[in-house]
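Residue numbers (our numbering): 3 to 224.
None of these hints come from the bench; they were simulated from the model. Beta carbons are placed, not taken as given, at the ideal position from N, Cα and C, and that holds for glycine. Please note: incorrect hints may appear among the correct ones.
[Unchecked claim] Calculated cross-link-like contacts (lysine-lysine; reagent style PhoX-like; alpha-carbon spacing at most 25 Å): (1) K32 - K137; (2) K148 - K162; (3) K25 - K148; (4) K162 - K121; (5) K121 - K137; (6) K11 - K137.
[Claimed, not checked] Beta-carbon label-pair distances, calculated as ranges: (7) Q125 - E18: 49 to 59 Å; (8) Q203 - Y98: 34 to 44 Å; (9) Q203 - G145: 16 to 26 Å.
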Amino acid sequence: MSLQIEHLKKHFGQGESETQVLKDLNFDVKEGEFVVLTGASGSGKTTLLTILGGLLSQSSGDILYNDQPLFDQSKASAVRLHEIGFIFQESHLVPYLTVEEQLVTVGREAGMSKGDAQKRARQLLDEIGLSHRLKVYPNSLSGGEKQRVAIMRAFMNHPKIILADEPTASLDASRATDVVEMIRDYIHDMNMVGIMITHDQRLFDYADRVIYLEDGQLVSDK
């Protein structure tokens with residue numbers, strides 16, 4: 003059981019203006035595995051994560067989940083909604099929704115009943131120590147609280163794959179460690195595939211593997 007990336011390539015432009023961003027990437031991430039993706043700016047990390055999330059198409063190559071294509075044109079949006087959880091550098095909470103509503107809205111969009119969505123939202127928020135903040139709006143939350151809400155929102159729809167793009171960049175060292183531990187533990191416990199972009203080498207120890215990209219190519223996987 004794994005996410006498989008096979009001969010993945012991505013270019014932008016054509017002819018003399020063509021730029022090769024990803025160059026024949028091959029690797030897999032097993033269920034229950036938390037992988038850090040790192041490399042210099044411009045190495046292709048965010049492009050890769052965007053393709054894996056179904057928000058951008060590859061130029062060639064395959065993305066498989068358990069030996070089956072993860073996306074096709076007819077079901078890409080459904081896969082993004084039901085199978086993939088995104089965590090971004092900023093929390094991107096909706097300012098006019100309470101903490102509970104941030105999660106419930108995702109559950110409802112994924113097809114849960116209102117009661118089931120509320121039950122799961124409260125369970126997740128209780129697990130991260132925010133059950134006392136259910137009715138609070140984002141402007142009353144600290145930076146760390148906002149990011150914890152965003153993480154639980156990503157887990158709300160029982161995703162198979164978690165994709166995180168610099169989720170700790172706006173946090174101090176202590177909060178960054180707490181956030182990454184939380185992400186890692188959920189991926190391990192729920193047997194998900196987890197990929198996180200970070201430049202913070204202090205966080206590498208929390209990953210099962212660290213993949214280095216350089217100029218669109220995989221140069222190290224250990």
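Against the structure, the hints come out as follows:
1. K32 - K137: violated (37 Å)
2. K148 - K162: holds (23 Å)
3. K25 - K148: Distance ~36 Å between K25 and K148 Cα, so the pair is violated.
4. K162 - K121: holds (20 Å)
5. K121 - K137: Holds, because 14 Å separates the two Cα atoms, which is no more than 25 Å.
6. K11 - K137: Since the Cα atoms of K11 and K137 sit roughly 45 Å apart, the hinted pair is violated (cutoff 25 Å).
7. Q125 - E18: 49 to 59 Å: holds (55 Å)
8. Q203 - Y98: 34 to 44 Å: 38 Å Cβ-Cβ, so the 34 to 44 Å window holds.
9. Q203 - G145: 16 to 26 Å: holds (22 Å)
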